[in-house]
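Colleague: Based on the sequences and whatever the hints tell you, model everything.
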Amino acid sequence: MVMGDARTRWSARRWLIAGVLATLCAAPAMARDTLTLGMVLEPPGLDPTAGAAAAIREVTYDNIFEGLTRIDGAGHVVPGLAASWTISPDGKTYTFALHSGVTFHDGTEFNCAIVQFSYNRARAPDSTNAQKELFEPIADIACPDPHTAVVTLKRPDAAFLFNMGWGDAVMVAPNSAAGNQTHPIGTGPFRFTNWVKGDRVEMARFDHYWGAAPKLARVTFKFVADPAAAAAALLAGDIDAFSNFPAPEILPQLRADGRFAVVIGSTEGKTILALNNARKPFDDIRVRRALAYAIDRKALVQATMSGLGTIIGSHYTPNDPGFIDLAGTYPYDPTRAKALLAEAGIASGTHFTLALPPPPYARRGGEVIAAMLEEVGLHVELVPMEWAEWLDQVFKRSDFDMTMISHTEARDLAIYARDHYYFNYHSDAFRNLYQTYLAATDPRTEIDLLQKMQRQLATDEPNVFLYVLPKLGVWNARLHGFWVNDPIPANDLSAVAWGE
Amino acid sequence: MLRFLAGRLLTLALTLLAAAAVIFLVLEVLPGDPAALILGVNARPDTLAALHHQLGLDRPAALRFPLWIFGLLRGDFGESYTYHAPVAGLIADRVMVSLPLAFLALALSTTLAIPVGVFAAARRRRIGDTLAMAVAQLGVAVPNFWLGLLLILLFAVKLAWLPASGFGGWSGGIWHGLRSLILPALALALPQAAILARVTRSAVLETMGEDYLRTALAKGLSRNAALWRHAVPNALIPVLTILGLQFSFLLAGTIIIENVFTLPGLGRLIFQAIAGRDLIVVQDLVVLLAGSVIVVNFVVDIAYVLVDPRLRQSPPR
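In the order they appear, the protein sequences are chains W and S. For the first sequence, position 292 matches number 292 in our numbering, and the numbering has no gaps at all. Start counting at 1 in the second sequence, then tack on 1000, and there's your number in our numbering.
Any given hint could turn out to be false.
As the list claims (entries may be wrong) - FRET-style restraints, in silico, Cβ to Cβ:
1. W:ALA303 <-> S:VAL1026: 50 to 60 Å
2. S:VAL1026 <-> W:GLY499: 19 to 29 Å
3. W:GLU249 <-> S:VAL1142: 17 to 27 Å
4. W:GLN253 <-> S:LEU1014: 51 to 61 Å
Treat the hints as calculated values from the structure; they're not laboratory data. Note that beta-carbon positions come from the ideal geometry of N, C-alpha and C, so glycine has one too.
Modeller: Structure below.
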């Protein structure tokens, strides 16, 4: 009896343990629908229409906020809140057919009045939109009916549909726009739930989303500044994915782990050695070309980015329409560089400064470039700077010789056509090409002009074009649906899901 | 005592005002425009002007300084340029991480260091002393961020006992918040404990050479009793001084550990605010930290009086 009793109790306990084990094992078999995504920088506010930081878009773009058009992972303009559009033959009138049944996360209805409000807010005199320039061509927005928006331009703008797909052009509602910095309310597949400042932003699936429901129910964006901490958080399973991992040198370790997919893509970050074209001797094309010959870009990418990063020969990336490979325009040739410098009358040992903003690509790259220029007889003094200092001294006051910087804005050839821009490039030929491109209404002419502009820049070499920053994607191998490239700063999570 | 307190309060107020003026001036001359940082490289001049107006930066410094000080006096800390939230709330959130972390690290380092220091002093030049001091020497030499990474690799990645990074928050219960602070507190405490143990040892050794200790031993007190009753209490003054310095450091000087463990503490807030030229946040934080250092020193002074009866009498004039 006693024995029997003990046996019964024992077996009851065994069942209990078996049951617990079964539940424990069953739990992971259910499809996971939460994601923790790591990012290096915390966004300063969550309103993409009120700040330039890429981190704002990387959290909110196409997750919380949407525009009339959107840019997909391949860099194409696709319909967003506008289901379709027609363009008048003169290229000045865009008629957008808006999706119906779209609501903001707070229940506000999306219609043409919202389009009017959003675009007018961005171009108003008191606007604090970081890309106000994009809205400058707009002359008028009319609403013939609630689901049709007619945007009239002052002049044709070949880039208009692409530009309206930027984070700066997303739709915001009059009753919530002022609060979007801390509590963003958009029309996207995820609604904002919480922001623990300094740590994470949380969002949840929006149940009344107009489009296909996202697979993930909850998403946490976690901000990890330190690369070693980022690797540890991935290895410990605290973070499921980094769409752009901060340190290329740690990637082999993560790849070897087997639990992670490591996917190398491309960003829009055109990394250049910018030269002050208004300052002697950089106004001399021979000097600029000599610098281009003196830099071994392959070795630079190897030394600073573990060999990841596409070498470019113009201010344009392979993601962009009409890209031509000009990387071979100035092959590494120190002898030729020395000859050109001598021809331009630059004595050996001439002293220049190289201003370096905080990112590792600049701080590490600057040292490599200084060593390469030393080889051709130039003495380079490195000047590390904070962002605030760089923006003030180099960018605003144009007080610099050389600087290393990555231009992360997509398709920004326009900066070479500006009157005042920090590197002070002035070329009537380029400006003519750019103006003709803007007025072009036929795609083949557009592509032809985009290619001519790339060639013009490679010929003039106003800056030494180096390489495109890679997008170092690392995520749990069971996850799929991330963008491989970053044609614009974004982490579009609408298609991300856990597989088996 | 009242006069003592009043004097202290006056010093506090004057120091804070001086700190406020200095940080305001430094930020005024420092290059960098908050609006340019927010709006980036494509900002047009009219957009910058609109943002300057919105942030109140179009007003002259001579007006902004008194407005800020009077705001502080009314308990209004202003609004962050980058977080668009009241600074008081931002700082309060960070204090809820930094203060428990500082206390935890301090508790760990003292419970570890004082017994080890006293033990080493008691066994001077014997194997225990040599071993303890060798370990302490190592502890002083090891950088805390490296120790932090090792702790993460062992306890979070390998054993998966504790989270590798981030802060769980206190809303899920004490353990929920505490478990994210254990590893960083250890990483901070061990190097500090090493310093503290060495200071304790030499302070105790010094008192053990004093005449009164020889007298105590001569009147027949055991070596242990003499150690704990006379040597240790008298050795506490330098230990308290070090503790005060360490606590002030732990409040905001822990940015490297905060980065390694991705903790949203005061150190990272002040670093971010300086880099982002979030002027109001920097100003408020500097005043707050100056204030807390003064308060910590005050607490240490009171502790001196408690451990040393001689300090209770008025100084001879």
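Colleague: Each hint should be assessed against the structure and marked as holding or not.
Modeller: We went through each hint and held it up to the structure:
no., hint, result
1, W:ALA303 <-> S:VAL1026: 50 to 60 Å, "violated, 37 Å"
2, S:VAL1026 <-> W:GLY499: 19 to 29 Å, "violated, 54 Å"
3, W:GLU249 <-> S:VAL1142: 17 to 27 Å, "holds, 23 Å"
4, W:GLN253 <-> S:LEU1014: 51 to 61 Å, "holds, 54 Å"
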